[in-house]
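Undergrad: Now for the letters of each chain:
There are 2 protein chains.
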Amino acid sequence: MRIAVDAMGGDFAPDAIVEGVVMAAKELPSDVTIVLVGKQRVIEDLLRKYNYAGSSVEIVHAEDVVEMGEHPTKALSQKPNSSIGVGFKLLRDKLVDAFCSAGNTGAMHVGALFSIKAIEGVMRPAIAGFVPQLSGGFAVIVDIGANADCKPEMLLQFGEIGSIYAQYTFGIAKPRVALMNIGEEEQKGSLIAQAAYQLLKDSRKINFVGNMEGGDFFRDKADVIVTDGFTGNILFKMGESIYEMTKELGLSHEFTDKTNYESVGGSPIVGVNGNVIIAHGISSPLAIKNMLSLAKKQVESNAYTKIAQALS
Amino acid sequence: MRIAVDAMGGDFAPDAIVEGVVMAAKELPSDVTIVLVGKQRVIEDLLRKYNYAGSSVEIVHAEDVVEMGEHPTKALSQKPNSSIGVGFKLLRDKLVDAFCSAGNTGAMHVGALFSIKAIEGVMRPAIAGFVPQLSGGFAVIVDIGANADCKPEMLLQFGEIGSIYAQYTFGIAKPRVALMNIGEEEQKGSLIAQAAYQLLKDSRKINFVGNMEGGDFFRDKADVIVTDGFTGNILFKMGESIYEMTKELGLSHEFTDKTNYESVGGSPIVGVNGNVIIAHGISSPLAIKNMLSLAKKQVESNAYTKIAQALS
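Residue numbers (the numbering used here), protein chains in the order written: chain A, 542 to 853; chain B, 542 to 853.
Chain A extracted, bound-state conformation:
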């Protein structure tokens, strides 16, 4: 298995990225090769700095860098030799099994759409997040920010895609799918949520368990939380902020630690023909290491081909 990592993307790149990759390389099985994409010299220096002498890290040179603030589409067309551009070429040509970056999220999304493309039948790929549950494990929430405006049919697909993802990546036989809403009854919510409820209820591809509310976020009401990318992004970021908040208040608990973005380290783009994982701009070495575990799990699960089969 070969996992490509954008060495140049992220607020603390390339240093934190390479350090995280070295941490991961020491823990991952020997059949996993990590391909660092970026400026060769810089990466080599950092691998030396972090005393990496193994053989499971390779470097693919990329001359340019897409900066965090750049316009995604423009940046990618003007910088085909950026680390993101090169990473997607590797993925498209099947020279790697996954591509991960803590860089410009928009460029990662656009790059995925242009290179490996959306799965046929998928209206809009989305970003999936992982929400720790008080009962243990994680729920998958789709979408956490790719699509701020959603039609009911898109929400239905988020449920179907999320369900297959949870089934194959987390090994849950019949994932419970719930719609994030403002009340339990089916006539509750925005016009879009009301219409989505009916579509989800009628879908024979999923195990729809009805609406859930904001207070249920950590309460094991569902394995898959369906929401538009506007509400989902706000809710997910609020959830992640609990870690920092409890730390500042001097509170500590294994569960609140899990709300830390570092604990999973990445969010997959789902609904595209390949494994693409994006990480927080602020990613630390630990986050990068954990993102690589997620990438490995996702490659093994082969979830994206299962999604393609289910939607064809």
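Mixed in with the good hints there might be a few duds.
Each pair may be met inside one copy or between any two copies, as identical chains are not told apart.
Stated by the list, open to error - Using 16 Å as the maximum straight-line C-alpha spacing, the simulated EDC-like pairs for lysine to aspartate or glutamate come out as follows: (1) LYS729 to ASP690; (2) LYS778 to GLU725; (3) LYS746 to ASP556; (4) LYS658 to GLU694; (5) LYS729 to GLU611; (6) LYS567 to GLU599; (7) LYS742 to GLU726; (8) LYS615 to GLU694.
No lab work stands behind these hints: they were computed from the structure.
For chain A, the structure is supplied; the task is to place chain B on it using the hints.
TA: The following block gives chain B in isolation, referenced to the frame of chain A:
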């Protein structure tokens, strides 16, 4: 000052309501009279049960009760002598200065619209919530559930109304108004959020400080948080759930205690011609007591007449 309380509304009514009123009566100044609306005999028995012998609680009899699950409009027209119906008559006829209930939220909203009515120029009254801030105090969030579907112009008004509310009820000279969104830049968000940003930015009635994100919820980015009732409801309920969660995890802190719904006890309907406060169905006596403090503060602030002046 006379504050009416629906003795019959709420999961633990009338017992918890009367107990909370007795707690409040002992603490509030003598010029505050609490008017309990509901079945006279039942209320009298409960006042005896809680050893109330003062003179600042009155009873106004109401024969019927709107149940929690009833259809708001139907229930109010079929039960004009319900405690909610009678409470709004008292408010409309200015026999009381505020009306509070932990009963059927929809009936409270419809009752307010039919009796005291929306302020002229207000497109849609909304429900305001109070969000404790890590730096101390509370931010006001509008809307937390009255309007699941919002136009940009409604969001602008939520900002203007919330700003006046914060100014007069909390004594903040120039409240900072922020739009809950999925990024800081002004082109971020749903189409509605993007359009609302421009309206808020151009408004000369408020001190607009731009977008805020989910992770900023408790972080003193704004005194007034503007959001549609769908996102706002989900986010607010998630925030309230932190208290229960930390308690279950064995964590305790003055701040997380404040996320408990009991700490404020009620949410005003803003944009109507009077003081209407709704409380959680599960309201405890403590929540009812705190709701009465809020009602007193709101009556003193005279915020609703200031809102009417500003929008006329």
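Undergrad: Run every hint past the structure and note whether it holds.
TA: Hint-by-hint comparison with the structure:
| no. | hint | result |
| --- | --- | --- |
| 1 | LYS729 to ASP690 | between (19 Å within a copy, 11 Å between copies) |
| 2 | LYS778 to GLU725 | between (23 Å within a copy, 13 Å between copies) |
| 3 | LYS746 to ASP556 | neither (44 Å within a copy, 47 Å between copies) |
| 4 | LYS658 to GLU694 | neither (20 Å within a copy, 37 Å between copies) |
| 5 | LYS729 to GLU611 | between (40 Å within a copy, 14 Å between copies) |
| 6 | LYS567 to GLU599 | within (14 Å within a copy, 74 Å between copies) |
| 7 | LYS742 to GLU726 | within (13 Å within a copy, 37 Å between copies) |
| 8 | LYS615 to GLU694 | neither (30 Å within a copy, 33 Å between copies) |
Hint compliance for this structure: hints 3, 4 and 8 are broken, all remaining hints hold.
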